[in-house]
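Enquirer: In UniProt numbering, the protein residues as written are 1 to 540.
Simulated from the structure, these hints should not be mistaken for laboratory data. A quick note: this is a predicted structure, and the numbers were derived from the prediction, not measured. Where is the CB? At the ideal position from N, CA and C, for every residue including glycine. Do not take every clue at face value.
[Unchecked claim] Calculated pairs, DSSO-like style, for lysine-lysine (alpha carbon to alpha carbon, straight line, at most 27 Å): (1) K167 - K502; (2) K173 - K131; (3) K122 - K173.
[To be verified] So the derived label-pair ranges between C-beta atoms look like this: (4) T468 - G265: 50 to 60 Å; (5) V183 - A254: 21 to 31 Å; (6) M518 - E472: 30 to 40 Å.
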Amino acid sequence: MGSNPHGLHARRTVLWASLFPVGNTQGRSRIWTHRFRAGCDMLLGGDAPEAPASAVTPSTPLTPLFSPFFISLKRTVGTSVIVVALAGLSLQLEAQTLTREQAQGLRKDAETATTAIDQLGKAVTAPDGRKHVETARDAVGRITEQLDAYIAKQELAASDIYDGGKKYPAIAKVRIEDFDVPVGATVVHVPVTLDKPSVNTVVAHVRVYNGDGGRAVPDATKPVVFRPGDPLTKTASFAVSDMKEGNTLKAVQAQVPDGATRQGGGIVITAKAGAVNVPIEVGRAPLAFAPLGTLTYSETGRTIRYDDKGGPMTFSTALAHGRTQVGNGETGYYGTVDMGGFSRTEEGLVLSSRRLDQSMKVGAPAMEYPFLATMLSGHKTPESWFKYGSVEWVVKMPNRPGSWPALWLVPTGGWPPEIDVYEGFGYNGSWKFASDLSTNLHGGKNQVRTFTRPGMNMKMSSFGLANTLDSEFHVFSVTVDPEWITMFIDGIETMRYANPFKGQNWYPLTNVAVKAKMDSPYDQGAGAMVLRSLKIWRSE
């Protein structure tokens, strides 16, 4: 039979219009749509369209996977016979170094291929042609099976990284090294490098100060924030003077990095003719808080309900296991309502702490607790529970030495794990309530903690925020999704952790603990947290 190019062209036009509508060819889908269209154009007798540059980049690991599919496509001369040869097509997925996300995307492309083969089959009437279409359909089916098995294996491997929330990937190390700058430099850019990609945010703290002849103006410490996925080297920039040939400055990591460890010691920055020193401005911007899920709880400090037991829409004044925390070395007793730790003002619900007139004695042998602490726990409040979702507190923090305010999450199945959105370590003499921040993850199971990943040296100014935690209200938020646990302050991302606790059912806790010496008067500064509002969203 003779060929009919006009009919084939019309058939292609209808097929592409139905399978690949305009506006649905962006990114990876656009690349693979092009490849599939090109292959089927060869199948139907047309010339393959010119591939976009992004579709043929040699770096993409997806390129080899469907190449045998199109290379092996054959057609015979005739309008009703389409020969599809897929013999020998075997995907060796293990050798493709595909990520799970890429494999999932390719799985969708395989579904598109199946749909296209079905459409082509409708245009074929000759028995031999239909036989070859079925052969193609079976081959793509085998590809799909292999992809499904590969994806399942990758998902299992991903879950094994965390061992059910008992393990976390190795912590990154932060280093700085000696470097040269041009003679006469008035700004130096200090390179800061991670030794490996980090699954959590890392905040390094770099100080530049006077050296031999060179001057820092002023002596200053600046943060360098590495968010997950950022390049491994960034710079911090400092104003300097007197950088004549051979003059030097000094630099050091002033504190242990948040979410990482410190590698190496101080460095020397030397002015040298011909040296090049430029900023490395890379990495993504901080995320803005956007709650995940449906609002399930929203109350103000004047309407939040609480009692000594807890229940629907009512927070408990005790922890799930009682009113003391022996393991933390706390010296405060989480009081009942009648002990007067809670009050309402125009600003909100006040959670106060103080020295008791008479110590509480708990347990046998009895342990003494001379201070009153306060707690709002959601362990009996179903409206506060979520697997994936968000929590938002609007609070003003205390500043009393020995107080230990915290905003945190614990699962209904018991501790650990634990997600610390904020802790104020007032029992640490160097803690500054106005500015200092802390976050942490605690992993483990059945009362046994097996890892932590703390960030304890950050400050509000590390993220461009005012150092007013104890004098003004600020918004603390956390979002837990299947992949990430992300913290925010005033709507700005501060810390992010890969989520090792998938599937846990969380509830929030809001408290002011006390860890003061037994004989402390515990009367300096303000011992109360003021809670203006609390909101909870649930996605699952």
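Enquirer: Please work out if K173 and K131 have their alpha carbons no farther apart than 27 Å.
Expert: Since the Cα atoms of K173 and K131 sit roughly 59 Å apart, the hinted pair is violated (cutoff 27 Å).
Enquirer: Does the Cβ distance between T468 and G265 fall inside 50 to 60 Å?
Expert: 34 Å, violated
Enquirer: Tell me if the straight-line CA distance from K167 to K502 falls inside 27 Å.
Expert: With Cα atoms ~13 Å apart, K167 and K502 stay inside 27 Å; holds.
Enquirer: Would you check the hint for K122 and K173, treating anything up to 27 Å between C-alpha atoms as holding?
Expert: This hinted pair is violated, its Cα atoms lying about 59 Å apart.
Enquirer: Verify the CB-CB distance for V183 and A254 against the hinted window 21 to 31 Å.
Expert: 27 Å, holds
Enquirer: Go ahead and decide if the range 30 to 40 Å is satisfied by the Cβ distance of M518 to E472.
Expert: 33 Å, holds
Hints 2, 3, 4 from the earlier list are contradicted by this structure; the remaining hints agree with it.
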